[in-house]
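Student: Respectively, the protein sequence lines represent chains U and C. No gaps in the numbering here: position 185 of the first sequence is 185 in UniProt numbering, and each next residue is one more. No gaps in the numbering here: position 144 of the second sequence is 144 in UniProt numbering, and each next residue is one more.
If you're looking for bench data, these hints aren't it; they were derived computationally from the structure. Among the clues, some could well be false.
Repeated chains share a single entry, so a pair holds when one copy, or any two copies, can fit it.
Heads up, simulated SDA-like pairs for lysine to any residue below, C-alpha to C-alpha not over 20 Å straight-line [said to hold, decoys possible]:
#, residue 1, residue 2
1, K303, N95
2, K340, V444
3, K162, W216
4, K457, N353
5, K441, E296
6, K457, S342
7, K198, G112
8, K198, T349
9, K262, Q248
10, K434, E282
11, K446, S293
12, K446, E296
13, K446, T288
14, K408, R81
15, K467, S291
16, K441, S291
17, K340, T173
No experiment lies behind these values; they were computed from the predicted model shown.
Protein chains: 2
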Amino acid sequence: MESDNSRTRAPNRRTRKSISRKIGRSLPINARPSPTEHSPFLLAPAGKMALRGALCLSVAIAVFSAVSRRPVAAAGLDGSREADRIIALPGQPPNTLLHQYSGYINVDQVTGKSLFYYFVEASVDPARKPLVLWLNGGPGCSSFGIGAFREIGPFLIDTDGKTLCRNRHAWTTAANMLFLDSPVGVGFSYAVNEEVYKTMGDNMTATDSYAFLLRWFERFPEYKGREFFIVGESYAGHYIPELAVVIQINNKNPNAHIINLKGIAIGNAILEYLEEQAELYEYLWQRTLISDSAHETIRQHCKSADDASAVCQAARDTAWLNTGDISAYNIYAATCHDKKVSATGSRCTDLANPCAEYFSEAYFNNPMVKKALHANTALKYPWVGCRTTTYNLRRFGDSPPSMLPHIKALISTGTRIWLYSGDLDAMVPVTASKRSVEKLKLAVAKDWRPWSTASGKDVAGYVIEYKGLVFATVRGSGHTVPIDQPERGRALFMSFIKGHELPSSAPQTD
Amino acid sequence: MESDNSRTRAPNRRTRKSISRKIGRSLPINARPSPTEHSPFLLAPAGKMALRGALCLSVAIAVFSAVSRRPVAAAGLDGSREADRIIALPGQPPNTLLHQYSGYINVDQVTGKSLFYYFVEASVDPARKPLVLWLNGGPGCSSFGIGAFREIGPFLIDTDGKTLCRNRHAWTTAANMLFLDSPVGVGFSYAVNEEVYKTMGDNMTATDSYAFLLRWFERFPEYKGREFFIVGESYAGHYIPELAVVIQINNKNPNAHIINLKGIAIGNAILEYLEEQAELYEYLWQRTLISDSAHETIRQHCKSADDASAVCQAARDTAWLNTGDISAYNIYAATCHDKKVSATGSRCTDLANPCAEYFSEAYFNNPMVKKALHANTALKYPWVGCRTTTYNLRRFGDSPPSMLPHIKALISTGTRIWLYSGDLDAMVPVTASKRSVEKLKLAVAKDWRPWSTASGKDVAGYVIEYKGLVFATVRGSGHTVPIDQPERGRALFMSFIKGHELPSSAPQTD
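Okay, chain U solo, but in the shape it has when bound (with noise of 0.2 Å):
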């Protein structure tokens, strides 16, 4: 399998190619490595639209899966709750009063499939806090090296790329958090037979995660019944919604394990790629980072969101080279200038470094960090955040083209579905997903108002309530809201976790 370690290839400025790289590096969840790496997608090959829309497939697909091919030991690592547990992580402050595991539960036999967990007790009072699952999206990132150890897990890691420091806005607070690398190929996640990794796709990740965590519940039996949640962001927004329709369908099968799955909240949803990405360059050019003149050549070149003519991506590609070295994962952040972990590290003070990517991928191809996590240290090629050469939308299999279907069939089942969107990410704009809820069609339950992280402090973003979904938005942050706005995002996930209303922001002040 290649290295996805893109600092490994020369760089080839102003090209596609370079684009591509650039997006992919500058935040590694991402929807997507490149605006122009469209086309095959764009076109749609009918091998990969099994199931378009077509939810009752999707379903059967992986009901049958689940069932067919029931969890067994398999040729890769698998562990045992004793051996996954973390005496400690290198770097870890002293003191930390935690409950940690990390390890593997096999899917598939004949594969050796092997998905890596990293999980979190709730810090205090476990046994009375909900289990919630966190998963990553890319497709091809890591939930467990992004979402745990860059975003709400108990550590960040530091400059240095060997300490790790607390994380004031953990969700482990409120809840026990696991953390799965998922699909195969993923993270610390792998398969015995690689050739598996090319016939990867939703439907096998969404079969393959309904099975680890029918094995997880049997290593951790008391989380059994507990209150289940599953957050996550970017291209979670397929994994979420069809995991949980596999759950939702699974429980009413009599013999079936059931899964107290209440609800599942995504930030900055992939729910219709192609209108996500065609609203991409509006978002832009209202905002005034891209021209007049590169927007009115789209407008003339391009004649849809699907549009993969030449002259189209020409000029999208230009319009998005015009914009200058900026993240499309948060058009206001800092850039990264300097991959190189510093010689001494912050002492904490900088957890919200740009290059913070870097650290982790210097941390997590430690040796002693991958004996300590019980990773698999056989794997010829080094950790990386995502994945991307291996899988992104180009090479994945049965991505729906919109997920409303599934989001409208969960809302039936009465699971609760909050969808927010940090606004300040152009990958999946705020302004697309809206529009993707309005479709929908849902009764207004609470009409549009501010919300905030406290009653009666600043405005962290709005929310309007319909009957059977929650429409936020995180004012101020991109695509990974608990990077750019740690405080705003826990409230949220409290709120959600709680099924409450978001508190009310401060009143308007004289």
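Position chain C relative to chain U; hints supplied.
Tutor: Structure of chain C alone, referenced to chain U:
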């Protein structure tokens, strides 16, 4: 004269007045206090519209005034260079080697008009550096209190309202900076006969400012003939072009003192106020800060940019309330919740505090500070950053609906003209400014490109160079660029006074 300190008024929330106060306070360099206080201006009373864009008339009045009312000693305070020297300001850091002056120059004997200035020589080699006049807007805002002590002067005021902190991004390293409280009635400037405030408008402001300059050069003769620039923001979009036109016309008079005006630069300039106000709600909607329904109501009920009907005003008020307690001057800024000065101060670590205007008011109302500044201590009202109940667009005379004729006239004189826009300002949205500039139909000399604070660094904004005018955006800044993006603001200023292109931004990364 009434006090404009809104803290003395009882709060009256959710009314038009409260919205006006809110916006007025949220950042005091306001274009006008409230979108709800437009109607008298929107109705365009004939008496106020003497100019209506008729530049020749404006210029004629200004020239006439400058000639007929020669600056003479008046009934107010009037200093001398040595009397104006500031020994030290209370709370000033030790070992400050600065030549600072402040005091009054009388510009009219009849009404006793005295204009207050603060002048700081460049910290190194002042004789080889240009002279820059800085003007804040409003109308009614203090260039001294806001411009010098919150934006670009050598000191900023700490959270205790007592201590002065060094401003790392002061423009005084690059230029000799002159701050003028203009017109009379603003900041420490005053008229003995306060009735004159009622007749104040653009023309009298330009006339008085020109008269001020002539006398100021007599007091500081070594600056006669020095390269001279005028820079400012907001309603200085009126003041600056008008004063510049007066200077350029008078410079043609063989008997007049020549002011060596090289250029003007204006940030978030009010150029076409009605268009900018109409754009406000589009701007907020595109950034998902108001709901679709509020936006749709405006579309239905507001026929044009100057629709002053009750139903349109109500729609706009509702939309604005809909945003919650955010600032129209920087849509992503933090809000000031505690308006008290802090007992201990932050030791100069919290200079981005959103409550900074309250620290300024505490400082400038301290009698020891007034004395050190040679300010008139006999004024019957407190010092405020913006005297918006005395001066706002409702009452301000001779305010042309479009400043484009002035800009064109200045282009024809070869005056360097830079317009820049913090792109997070909703009051004078970058989108509206861009449109105004496009109306000038200037030839493009160098097309849209990203710029940076120094070659190869982050994208600081975008710039397009026309023949005769440079238009630049400042990425991630609200209405007051030097407060929100001090490094970017200073880099832009440096390029402007040197007449250099803005530095290129970092190349695309891999």
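Student: Each hint needs a verdict: does it hold in this structure or not?
Tutor: Going through the hints against the structure:
For a Cα distance limit of 20 Å, the shortest separation of K303 from N95 qualifies neither inside one copy, at 60 Å, nor across copies, at 66 Å. For the identical chains of this complex, K340 and V444 are neighbours neither inside a copy (49 Å) nor across copies (41 Å), given an alpha-carbon limit of 20 Å. For a Cα distance limit of 20 Å, the shortest separation of K162 from W216 qualifies neither inside one copy, at 30 Å, nor across copies, at 61 Å. Taking CA atoms no more than 20 Å apart as the test, K457 paired with N353 passes between copies only; the shortest distance there is 15 Å, against 26 Å inside one copy.
For the identical chains of this complex, K441 and E296 are inter-copy neighbours only, at 17 Å across copies versus 32 Å inside a copy, given an alpha-carbon limit of 20 Å. Taking CA atoms no more than 20 Å apart as the test, K457 paired with S342 passes between copies only; the shortest distance there is 19 Å, against 36 Å inside one copy. Taking the shortest Cα distances, K198 and G112 sit within 20 Å of each other inside one copy (15 Å), while across copies they are farther apart (85 Å). In the homo-oligomer, the alpha carbons of K198 and T349 never lie at most 20 Å apart, since the shortest distance is 42 Å inside one protomer and 54 Å across protomers.
Proximity of K262 to Q248 under the C-alpha cut-off of 20 Å is restricted to the intra-copy arrangement: shortest distance 10 Å within a copy versus 72 Å between copies. Proximity of K434 and E282 under a CA criterion of 20 Å is satisfied in both settings, with 14 Å inside one chain copy and 16 Å between copies. Taking CA atoms no more than 20 Å apart as the test, K446 paired with S293 passes between copies only; the shortest distance there is 13 Å, against 41 Å inside one copy. In this assembly of identical chains, K446 and E296 lie within 20 Å of each other by CA distance solely across copies; the values are 18 Å between and 38 Å within a copy.
For the identical chains of this complex, K446 and T288 are inter-copy neighbours only, at 17 Å across copies versus 33 Å inside a copy, given an alpha-carbon limit of 20 Å. In the homo-oligomer, the alpha carbons of K408 and R81 never lie at most 20 Å apart, since the shortest distance is 37 Å inside one protomer and 76 Å across protomers. Only between protomers do K467 and S291 lie at most 20 Å apart by alpha-carbon distance; the minimum there is 18 Å, versus 40 Å within a single protomer. In this assembly of identical chains, the alpha carbons of K441 and S291 lie at most 20 Å apart only when taken from different copies (16 Å versus 35 Å within one copy).
Taking CA atoms no more than 20 Å apart as the test, K340 paired with T173 passes in neither setting, with 32 Å inside one copy and 33 Å between copies.
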